[in-house]
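Just need the whole structure built from these sequences, with the hints factored in.
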Amino acid sequence: MSHDLALVDTWASAGDSAFHRASALSKLLFVALVLGAILSSTSPAFLAGLYAALCVLVLISRVPLGPALLLSLYPVLFSALWLLSRWNGDWTMPLVLVLRSLASSLTAVLLVASTPYPDLFAPIARVTPRLVGDGLFLTYRAFFLLVARADRMWTAMKLRGGLTGRGLPRDFRAAGEGLGQLVIHSYDRSQRLYAIMHIRGHSGRVCGCRHWAEFTAFDLVPVGFGLAALAMRFWMEGR
Amino acid sequence: MTHLHIADGVLPTWLWIVGFALAFAFAAGASFHHRHDRPDRLTLLAALGAVMLLAMSVPIGPLVHLSFAPMVGILLGPGLGFLAALLVNATLALLGHGGLTVVGLNALVLGAAVAPARPVYRLLRKRMKPGRAGAFTAVAALACSVAALYVVIALANRGDLASLLADDDHAGAQATGRFVLFSSPFWVLATVAEALVTSSVLSFLARVRPELLP
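Chain order of the listed sequences is A and B.
For the first sequence, position 192 (counting from the first letter as 1) is numbered 192 according to the numbering used here, and the numbering increases by one without interruption.
For the second sequence, position 61 (counting from the first letter as 1) is numbered 61 according to the numbering used here, and the numbering increases by one without interruption.
It should be emphasised that the hints constitute simulated quantities derived from the structure, not laboratory data.
We treat Cβ as the ideally placed atom computed from N, Cα and C, and that holds for glycine.
Check before you lean on any hint, since a few could be wrong.
As the list claims (entries may be wrong) - Derived list of chain A stretches under chain B, where covered just means 3 residues or more per stretch with a C-beta under 8 Å from a C-beta of chain B:
no. : region
1   : 138-144
2   : 216-230
Said to hold, decoys possible - What follows is a list of derived Cβ distance ranges for each label pair:
no. : chain 1 : residue 1 : chain 2 : residue 2 : range
3   : A       : E214      : B       : A143      : 45 to 51 Å
4   : B       : V151      : A       : T92       : 23 to 29 Å
5   : A       : G161      : B       : R132      : 24 to 30 Å
6   : A       : K158      : B       : K129      : 26 to 32 Å
7   : B       : L22       : A       : A52       : 34 to 40 Å
8   : B       : P12       : A       : E214      : 36 to 42 Å
9   : B       : L22       : A       : L73       : 28 to 34 Å
What the hints assert, rightly or not - Chain A side only, calculated, beta carbon under 8 Å to chain B, not exhaustive:
no. : residue
10  : L71
11  : L97
12  : L131
13  : R173
What follows is the structure in structure tokens.
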């Protein structure tokens, strides 16, 4: 998980495709339109076609397709129990649900892999309670400040025999002490961050960047794709 | 298994909309309740949210990883703890892990583990050492979370299975029962691991920085 987040952040910051250059607002509209098409469809053919089109869009956006597809597989694994509990011998509904899961999670991965987090969180922060909007910015930032330290700590614990990787009770106790150290480190860092924010004139609100709604011709790519997906859904399946 | 991992397009629309509305209402309530808190509470909320994300990278077995929700609940309390659960689920959904439309439901299920943790811990702490109190708190908190998960599953099965299997009145209940049966081993494994980790973190903090504990 931690490495996935770091990887996706690198794709978002380093990319310069047309999809990357589109504004965050138009990509959020793209997500809403594509999700609308996915959630309202009951046709395996349409959903498979849309998933293939999303894979092409990932390639065009120069986001590595393999890792992006792996990320989008998470919900399928976790949905297996749900599908298993409901299976009545018919393959159509499980197929529809799996394709919906795959397509929607690839849509989310494409959004976050092509949009730097300040741009992405700025519009979200405008419609959420203050602590949620500001918390998203700071959690994301805090995560990247912690991840390298956590990696070094897990490596040291493995090398010194603290973690065997066999899921033994002593592994969990050692993992707990490691997480305890991270809690203390996070607490101290949060106090320091607050002091820095105070010195810099923090006024009670973390302000996001202002580029999220700067529209250019590149915005036609995500919006056009989203509208085309929705139109295709109604053309193939009707209302 | 301590939080809902069902993806987009699986649950009925009304259910995830209600989930969003409830999560938004709880978040707004918590945000309003903590509006006069010192700003360093916000940085602490973010820092513990980040630790929660890191703890979720610790795999326990297939389909199971730590959630760290009881620990965050003990340290932050119900209001800020719920906000941490919401932030973590929103971040995970952006990674394709959990689904964008089920962020609200995921937050409610994980929040059900976070919210009762501090009151339960305070109650148990009167009779037990921090580590043992933390272990029992983790079990109680995760039981609340799994109960919330099963309520969501039961509502989902009641909501639309009738249209799929119109001639079988008990199909929804049977599907819920099968889900409980299939998921129970994962839940037991996750709860044991979470209890051990929570106990270990609390013993460590009680030795090193007792002022952080409630």
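Status of the hints after comparison with the structure:
Coverage of the region 138-144 of chain A by chain B holds. Counting CB-CB distances below 8 Å, 6 residues qualify, and the rule asks for three or more. Counting residues of the region 216-230 of chain A whose beta-carbon sits less than 8 Å from any beta-carbon of chain B gives 0, not enough to reach three: the coverage restraint is violated. E214(A) and A143(B) have their C-beta atoms about 49 Å apart, which keeps the hinted 45 to 51 Å range intact. Checked against the hint of 23 to 29 Å, the pair V151(B) and T92(A) passes, with Cβ atoms roughly 28 Å apart.
In this structure the hint that G161(A) and R132(B) lie 24 to 30 Å apart at CB holds, the actual value being about 26 Å. The hinted window of 26 to 32 Å between K158(A) and K129(B) holds, with their beta carbons roughly 29 Å apart. A C-beta distance of roughly 36 Å is found between L22(B) and A52(A), which places it inside the suggested range of 34 to 40 Å. Checked against the hint of 36 to 42 Å, the C-beta distance between P12(B) and E214(A) comes to roughly 38 Å, which is consistent with it.
Checked against the hint of 28 to 34 Å, the pair L22(B) and L73(A) passes, with Cβ atoms roughly 29 Å apart. Nearest Cβ of chain B to the Cβ of L71(A): about 5 Å, under the 8 Å cut. The hint holds. For L97(A), the interface hint holds, the least distance from its beta-carbon to any beta-carbon of chain B being 5 Å, beneath 8 Å. Look at L131(A): its Cβ gets to within about 4 Å of chain B, closer than 8 Å, so that hint holds up.
Interface restraint check: R173(A) against chain B, minimum CB-CB distance 4 Å, threshold 8 Å, status holds.
Checked against the numbered hints above, the structure violates only hint 2.
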